[in-house]
Amino acid sequence: SAVISQKPSRDICQRGTSLTIQCQVDSQVTMMFWYRQQPGQSLTLIATANQGSEATYESGFVIDKFPISRPNLTFSTLTVSNMSPEDSSIYLCSLAGGFSDTQYFGPGTRLTVL
Amino acid sequence: RKEVEQDPGPFNVPEGATVAFNCTYSNSASQSFFWYRQDCRKEPKLLMSVYSSGNEDGRFTAQLNRASQYISLLIRDSKLSDSATYLCAVKGSGNTPLVFGKGTRLSVIA
Chain P
1 SAVISQKPSR DICQRGTSLT IQCQVDSQVT MMFWYRQQPG QSLTLIATAN
51 QGSEATYESG FVIDKFPISR PNLTFSTLTV SNMSPEDSSI YLCSLAGGFS
101 DTQYFGPGTR LTVL
Chain S
1 RKEVEQDPGP FNVPEGATVA FNCTYSNSAS QSFFWYRQDC RKEPKLLMSV
51 YSSGNEDGRF TAQLNRASQY ISLLIRDSKL SDSATYLCAV KGSGNTPLVF
101 GKGTRLSVIA
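Quick note, the sequences are listed as chains P and S, same order.
The first sequence finishes on residue 114 if you use the numbering used here, and the numbering steps up by one all the way, no holes.
The second sequence finishes on residue 110 if you use the numbering used here, and the numbering steps up by one all the way, no holes.
Hints were generated in silico from the structure; no laboratory data involved.
Hints are supplied without guarantee of correctness; some may be wrong.
Heads up, simulated DSS-like pairs for lysine-lysine below, C-alpha to C-alpha not over 30 Å straight-line [said to hold, decoys possible]:
{"#": "1", "chain 1": "P", "residue 1": "7", "chain 2": "S", "residue 2": "42"}
{"#": "2", "chain 1": "S", "residue 1": "102", "chain 2": "P", "residue 2": "7"}
{"#": "3", "chain 1": "S", "residue 1": "91", "chain 2": "P", "residue 2": "7"}
{"#": "4", "chain 1": "S", "residue 1": "102", "chain 2": "P", "residue 2": "65"}
{"#": "5", "chain 1": "S", "residue 1": "42", "chain 2": "S", "residue 2": "79"}
{"#": "6", "chain 1": "S", "residue 1": "2", "chain 2": "P", "residue 2": "65"}
{"#": "7", "chain 1": "P", "residue 1": "65", "chain 2": "S", "residue 2": "45"}
{"#": "8", "chain 1": "S", "residue 1": "91", "chain 2": "S", "residue 2": "45"}
{"#": "9", "chain 1": "P", "residue 1": "65", "chain 2": "S", "residue 2": "91"}
{"#": "10", "chain 1": "S", "residue 1": "42", "chain 2": "P", "residue 2": "65"}
{"#": "11", "chain 1": "S", "residue 1": "45", "chain 2": "P", "residue 2": "7"}
Model the full assembly from the supplied sequences, consistent with the hints where possible.
Laid out in structure tokens, this is it:
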């Protein structure tokens with residue numbers, strides 16, 4: 001499986017600020033996704049990161065709050081904008097593609113908003 | 001109704017016990033099914049795919065019942081190292097993303 005890295009691994013941020021999370025993959029993949037996992041909850045899909053075009057957002061998530069870029073097949077960013085304490089969560093990038101329909105996850109970014 | 005539902009847990013079992021996790025999904029068009037394991041403060045990692053014929057990997061057995069829209073995971077001879085949260089995941093056809101259940105926490109006790 002591909003090696004996935006995320007930066008930062010964790011951060012503590014002030015309310016009203018924004019944080020950009022990076023996801024880097026060591027090989028070209030077809031699909032990249034961004035998930036959120038709030039404390040004690042399961043993974044919720046935020047959006048599908050589309051290469052060279054706007055991301056596809058799930059219900060309840062909007063581009064103004066979670067802008068996503070995917071300039072190429074190995075890199076994507078998720079920005080959490082105008083943060084509030086409710087945004088405190090683990091944010092995970094995930095990828096799929098090739099011959100398997102399995103998805104793999106990056107190590108996650110643990111965000112705490114004060 | 002949630003798309004993927006799991007036993008709420010937590011399950012606290014002694015070493016050596018057999019434990020079963022259940023999962024139901026609502027979308028009959030779902031094509032692929034998985035069990036993931038998530039350790040505390042870590043990302044989910046694929047444990048095994050689930051096939052209609054059932055599949056076994058050592059102490060782990062997964063089964064799928066499409067008619068009942070039901071997936072199960074059986075762990076035999078539980079080890080302390082099996083303590084984790086087990087997540088059921090389902091996806092549709094093509095490049096659709098996984099949808100996860102809430103997960104069931106397992107604690108294996110010495």
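Hint check:
Annotation: proposed proximity of residue 7(P) to residue 42(S) holds, straight-line Cα distance about 15 Å (limit 30 Å). Proposed proximity of residue 102(S) and residue 7(P) is supported: the alpha carbons are some 26 Å apart, at most 30 Å. At roughly 27 Å between alpha-carbon atoms, residue 91(S) and residue 7(P) fall within 30 Å of each other, so this suggested pair holds. With a C-alpha separation of about 24 Å, the suggested pairing of residue 102(S) with residue 65(P) holds against the 30 Å cut-off.
Only pairs whose Cα atoms come within 30 Å are accepted, and residue 42(S) paired with residue 79(S) is accepted, the gap being roughly 19 Å. For the hint pairing residue 2(S) with residue 65(P), the CA-to-CA distance comes to about 25 Å; that is within 30 Å, so the pair holds. With a C-alpha separation of about 28 Å, the suggested pair residue 65(P) and residue 45(S) falls inside the 30 Å cut-off, and the hint holds. For the proposed pair residue 91(S) and residue 45(S), the alpha carbon gap of about 16 Å is at most 30 Å, so the pair holds.
In summary, the hint linking residue 65(P) to residue 91(S) is supported, as the alpha carbons are separated by about 26 Å, within the 30 Å threshold. A C-alpha spacing of about 25 Å is found between residue 42(S) and residue 65(P), which places the hinted pair at or below 30 Å, so the restraint holds. A distance of roughly 19 Å separates the Cα atoms of residue 45(S) and residue 7(P); the hinted pair therefore holds under the 30 Å criterion.
The structure is consistent with each of the numbered hints, conforming to all of them.
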